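Chain residues, written in single-letter form:
Number of protein chains: 2
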Amino acid sequence: MTPGTFEILKQDPRGGARLGRLWTAHGPVDTPVFMPVGTQATVKAMTPAELEALDFQIVLGNTYHLNIRPGVDVIEQMGGLHSFMGWGRAILTDSGGYQVFSLAKLNRITDEGVTFQSHVDGATHVLGPESAMALQRRLGSDIAMVFDECTPYPCDRKYACQAVDRTLAWAALCARQPRAAGQLVFGIVQGSVYADLRERCARGLMELAFDGYAIGGVSVGEPHALILQGIEESVRHLPADRPRYLMGVGSHPHMVEAVARGVDMFDCVMPTRLARHGTAFTRAGKYPVKAALYSRDPRPLEEGCPCYACRHFSRAYVRHLMNVNEILGIRLLTMHNLYRYGAFVQEMREAIAAGDYGTYARRFVVEYGNGRAGEPANGRDE
Amino acid sequence: MTPGTFEILKQDPRGGARLGRLWTAHGPVDTPVFMPVGTQATVKAMTPAELEALDFQIVLGNTYHLNIRPGVDVIEQMGGLHSFMGWGRAILTDSGGYQVFSLAKLNRITDEGVTFQSHVDGATHVLGPESAMALQRRLGSDIAMVFDECTPYPCDRKYACQAVDRTLAWAALCARQPRAAGQLVFGIVQGSVYADLRERCARGLMELAFDGYAIGGVSVGEPHALILQGIEESVRHLPADRPRYLMGVGSHPHMVEAVARGVDMFDCVMPTRLARHGTAFTRAGKYPVKAALYSRDPRPLEEGCPCYACRHFSRAYVRHLMNVNEILGIRLLTMHNLYRYGAFVQEMREAIAAGDYGTYARRFVVEYGNGRAGEPANGRDE
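Order-wise, the sequence lines are chains A and B. The C-terminal position of the first sequence is numbered 381 in numbering that gives the first Met the number 0, with every residue numbered one higher than the one before it. The C-terminal position of the second sequence is numbered 381 in numbering that gives the first Met the number 0, with every residue numbered one higher than the one before it.
If you're looking for bench data, these hints aren't it; they were derived computationally from the structure. One should not assume that every hint holds.
Heads up, the list lumps identical chains together, so a pair's fine if it works in one copy or across two of them.
Stated by the list, open to error - Below, a list of computed lysine to any residue pairs in the SDA-like style, where the Cα atoms sit at most 20 angstroms apart: (1) K9 with G357; (2) K285 with P305; (3) K285 with H236; (4) K289 with G368; (5) K9 with W22; (6) K9 with Y307; (7) K289 with D120; (8) K157 with E75; (9) K285 with H124.
As the structure is a prediction and not an experimental result, all values here were calculated from the model.
Please put together the full structure from these sequences, using the hints given.
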């Protein structure tokens, strides 16, 4: 299939959820999809072989980080990002916009781009629509993101309006840049919590006919209701035949709601980052396995889970590993959490295929976070 | 085969090297063998499945560390150390003697044992011959080590003499303690650099008829010649039909020399610890992959190596991972280094089986550490 082809295999009859397949230069991506984050050319603590075994079809890379270390020239010389990190499936690269505005020390924002100091060594860098696209072209990612201005929350209307202006101007520039072979480019809808700004941004991007559209500036600190509203106000004005990507959102309840509203793609650091902090995700919510409660718990991280960690090791063992700072503890939690995320989007796809996403979503919300995550085994005395 | 059976399959016709097979309650151990160190119930950064894939037949656990965290009672309740860490092959446990004398803050040494403060939280613990054996029985290891007094270098004759007295007295007590089903017990030869003390210790231990004999207090800071002498002065007086274990020695040149002198078993933290510091082991020696020299080096960690890390990733990638503190860098280096150690003892076993260990050992010494480890690729400009 030609890269960029987006097949909508099934549309939920009573809502916005849809089952799709996006084709990239490195294979298909079945949607709704969760994309593990590989900021520094590695999904933290995982090998590519382990990610493949978990059936992930696409991972993220971050232009901002890779440009600082090891440098895009190194990666280009090593044959591009796929070759460098030993990953043969699809890669989406962030443009660096988000990191420039959240991590770096900003010096100057102009229509040409942003001058900033690296969060690592303070060195001065410039990133703008043209350079961000050039870097992503040299990385050779399958999906490149436009360089946008991501606004924080809260954000006054005037600044949100300026950011939309800038995001649209930059998007127009990005759309004209050369691409790697088969590389897709996604636009990003900004507009903070202002419905009319989100509409203006979405309509402006559509005129540029991107391969897909992302929703940015959502889940940046605003309350739940505003998150859902931000998604709705963005999706409403986006073309139905193109994939929609909700950037950085990975809480399961948000994902269920977002899929119901027509979102196809997700990425989030939560499964990997919280693993490093000792948190296990389960069907019923998440829990801290380092708690004393689990010191003699013979059960796996999640009962009934078929992942490698759950088939072979107890909570007592994982808790011990985390308490003595052993890498294997992080590995087992990361592996399990990513399995859970993969199984979760798989369940959503199956529910859409079965034509009954609404029932699935309602049941999910009831069962998730009901306090049963990691509950003690019966008869245990701790 | 009954645990403790030690088959000598081949004796080198022109030296002390021998090919053997030691049977444990959890399977055979082909010697000469390298045993990866799993101090805290995990060989750092590795899963049991990965260790099995590398054909390791036995790993180490440390009584001292496991007794502090998570506590031997926890491990016992989880079904013993094999079950706790998900490892179905053999385990050798150190008695804690070495750690008590090297890591802990000592309070009092008596004939009954040692009172010390934990290196973790300063809590007071007591460890002696009876408790060390009881803990190892409860851990359920396949090979338990006697509780000994390991002397540092330099060590005056009087202290070395006292330590031998104490080691022998404690060994006699250890020999009488109850064991786990099928558990073997090894004595430990001390005596520092004094040939007559090593002889007295070895002869004293032999009277207690242990299942195997370790050489302790070697490679604790003394020069190369004294290391070899310490090995020789110990091996000379040990029974030929029992396995000999050189504790804590893992430099390849020392291992080659030790095997030539009749040593069968080795353990060392080097392949795993140096991996965490960015060092790769190769046939030609070791090198620091973090060096700028390797920033664009497309070659694997070791050319021609069939391990997972070398089949899929470049030095440039591993260097990048280590420079940005990514766990995958440690994983790939650990995996490769352990592969190298496994391949190294495998080569030694093959050379003994071929009846020409001497030639192998001489060639090894010439080829190892000749400055070619990690040399730059031809025509590279860094």
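Against the structure, the hints come out as follows:
Proximity of K9 and G357 under a CA criterion of 20 angstroms is satisfied intra-copy only: 14 angstroms inside one chain copy versus 71 angstroms between copies. Proximity of K285 and P305 under a CA criterion of 20 angstroms is satisfied intra-copy only: 17 angstroms inside one chain copy versus 39 angstroms between copies. Neither within a single protomer nor between protomers do K285 and H236 lie at most 20 angstroms apart by alpha-carbon distance, with minima of 34 angstroms and 59 angstroms respectively. Within a single copy, K289 and G368 get their C-alpha atoms as close as 19 angstroms, which meets the 20 angstroms cut-off; across copies the closest is 44 angstroms, which misses it.
In this assembly of identical chains, K9 and W22 lie within 20 angstroms of each other by CA distance solely inside one copy; the values are 16 angstroms within and 60 angstroms between copies. When the C-alpha separation of K9 and Y307 is checked against a cutoff of 20 angstroms, the pair qualifies neither within a copy, at 32 angstroms, nor between copies, at 40 angstroms. Taking CA atoms no more than 20 angstroms apart as the test, K289 paired with D120 passes between copies only; the shortest distance there is 18 angstroms, against 34 angstroms inside one copy. In this homomeric assembly, K157 and E75 never come within 20 angstroms of each other (Cα to Cα): the closest approach is 40 angstroms inside a single copy and 64 angstroms across copies.
With identical chains, the CA atoms of K285 and H124 are never at most 20 angstroms apart, being 39 angstroms at best within one copy and 36 angstroms at best between copies.
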